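Undergrad: Could you put together the complete structure from these sequences and hints?
Spelled out from the first residue to the last, the chains are:
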Amino acid sequence: MTTAQQGPKGWDRNQMAARAARELQDGTYVNLGIGIPTLVPNFIPEGVEVTLQSENGMLGMGPFPVEGEEDADLINAGKQTITELPNTAYFDSAFSFGMIRGGKIAMAILGAMEVDENGDLANWMIPGKLVKGMGGAMDLVAGVGRVVVVMDHTNKHGDSKLLKTCTLPLTGKAVVDRVITNLGVLDVVEGGLKIVETADGVSEQDLRNATEATIVS
Amino acid sequence: MKKVYGSAKEALDGIVHDDMLIAAGGFGLCGIPELLIDALVESGVKGLTVASNNAGVDDFGLGKLLATRQIKKMMSSYVGENAEFMRQYLSGELELEFNPQGTLAERMRAGGAGIPGFYTKTGVGTVIADGKDVKSWDGQDYILEEGIFADISIVKAWKADETGNAIFRKTARNFNPPAAMCGKICIMEVEEIVPVGSLDPDAIHLPGVYVHRIIQGTHEKRIEQRTTRPAA
Chain A
1 MTTAQQGPKG WDRNQMAARA ARELQDGTYV NLGIGIPTLV PNFIPEGVEV
51 TLQSENGMLG MGPFPVEGEE DADLINAGKQ TITELPNTAY FDSAFSFGMI
101 RGGKIAMAIL GAMEVDENGD LANWMIPGKL VKGMGGAMDL VAGVGRVVVV
151 MDHTNKHGDS KLLKTCTLPL TGKAVVDRVI TNLGVLDVVE GGLKIVETAD
201 GVSEQDLRNA TEATIVS
Chain B
1001 MKKVYGSAKE ALDGIVHDDM LIAAGGFGLC GIPELLIDAL VESGVKGLTV
1051 ASNNAGVDDF GLGKLLATRQ IKKMMSSYVG ENAEFMRQYL SGELELEFNP
1101 QGTLAERMRA GGAGIPGFYT KTGVGTVIAD GKDVKSWDGQ DYILEEGIFA
1151 DISIVKAWKA DETGNAIFRK TARNFNPPAA MCGKICIMEV EEIVPVGSLD
1201 PDAIHLPGVY VHRIIQGTHE KRIEQRTTRP AA
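Top line first, the protein sequences correspond to chains A and B. Just so you know, we're using the working numbering here: the first sequence kicks off at 1 and counts up by one. Just so you know, we're using the working numbering here: the second sequence kicks off at 1001 and counts up by one.
Watch out, some of these pointers could steer you wrong.
[Unchecked claim] Chain B is nowhere near these chain A residues, computed Cβ spacing over 10 Å in every case:
| no. | residue |
| --- | --- |
| 1 | Q25 |
| 2 | T28 |
| 3 | G128 |
[To be verified] BS3-like mimics (lysine-lysine), calculated; alpha carbons at most 27 Å apart, straight line:
| no. | chain 1 | residue 1 | chain 2 | residue 2 |
| --- | --- | --- | --- | --- |
| 4 | B | K1121 | A | K173 |
| 5 | A | K132 | B | K1159 |
| 6 | B | K1121 | A | K132 |
| 7 | A | K132 | B | K1002 |
| 8 | A | K132 | B | K1073 |
| 9 | B | K1002 | A | K129 |
Think of the hints as simulated: they come from the structure by calculation, not from any bench. A quick note: this is a predicted structure, and the numbers were derived from the prediction, not measured. Glycine included, each C-beta is placed from N, C-alpha and C at the ideal position.
TA: This is the structure in structure tokens:
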């Protein structure tokens, strides 16, 4: 029914993650959310060194272990088994969120259910349906230097996830800086969203057609 | 000053009562006080309020206390892995107070540090801020969150000496130190109790002043999401 459903698909999950990886600044400390953001470390550009923070109490998160090396005491915030690196440091949860709330983490790359043109973010619950909780997302969006959202541009019904106003309970108000979707990259600016680039095979018009939020030029 | 007890059941003797507030360490199933949870199930204590980041899974960790309906209210940040929890909550049998994860950790730390309240920007403009005092510094709003003062703390460490000086292992540290701090009485289960003098004083993560009762036991240490990469 909407044009979005017939529109171009743009980037796949890996391409979105690769685009998000280009946001990483050399020498920074970064937190990655669950979902597509967990693919980002596979695409860190040559010459860029980042230290990944896992909010359950670790800086310097390494890759998944090989089979047989899993350690029940070493998991990431998605509860997946991981490994440590030579520069790893461990700490408790209060300390961990101290560095998040205190602005020491440069950037968070997170998934979302909805983002609106004011930079409001909803990614933690659907009333009456899905009650999982915000985990560390509210602390992250309030505390880190820059918030980049990676998500599909539309939901499974073809409706825009980039809205004029979020309909779901918020994770944070005016917290999103940039959104990377399968159709392109948009920044939250005064008055709405600004198109930074479009995905392969996606025109600016395709992107506008699939977006409910105000696009400013 | 005897802190070492023979079993989780003995360590809980005389300090557990209905309707009490318990702070529990652990993140997911990592670093949870699994032996003390089992002993609480066995004790039959009811009407518990439990401050814990997660609620275990259906058949392990705090999920066991949910299955027996011994928990009245959870204070948590994420409960997504527990079907029975979801059922009890959606049917109104269980109260749930969502706390942002960092706010929950800081509320425990603050309680243990004698701080009844603190202001944070986490949750400003969300339902978390509803009914909470707001103050502004330099044009930024902050909401008042209260310290948690628990009746007891149940935590898990890797090693402790007989005076309770404790060391945690890797990410199993998580909520255990702040949870330990905020309880009037803290019961700690460890994988190994070592003689006083055998731990490096510079390497202690939690000083024994916060720990009142210690037990040693065997832990299942279940892995929630076993994830691997192909061998090179």
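Undergrad: Each hint needs a verdict: does it hold in this structure or not?
TA: Outcome of the hint check:
1. In this structure Q25(A) is separated from chain B by more than 10 Å, as the shortest Cβ-Cβ distance comes to about 23 Å.
2. Annotated as non-interface, T28(A) keeps its C-beta farther than 10 Å from every C-beta of chain B; the closest such distance is 20 Å.
3. Remark: the non-interface label on G128(A) conflicts with the geometry, its nearest Cβ contact in chain B lying 8 Å away (cut-off 10 Å).
4. Between K1121(B) and K173(A) the alpha-carbon distance is near 11 Å, which keeps this suggested pair within the 27 Å criterion.
5. Proposed proximity of K132(A) and K1159(B) is contradicted: the alpha carbons are some 33 Å apart, above 27 Å.
6. Restraint check for K1121(B) and K132(A): satisfied, since their Cα atoms lie roughly 22 Å apart, inside the 27 Å limit.
7. Restraint check for K132(A) and K1002(B): not satisfied, since their Cα atoms lie roughly 42 Å apart, outside the 27 Å limit.
8. Our distance criterion of 27 Å between C-alpha atoms is met by K132(A) and K1073(B), whose separation comes to about 16 Å.
9. A threshold of 27 Å between alpha carbons decides the hint, and for K1002(B) with K129(A) the separation of about 50 Å lies outside it, so the pair is violated.
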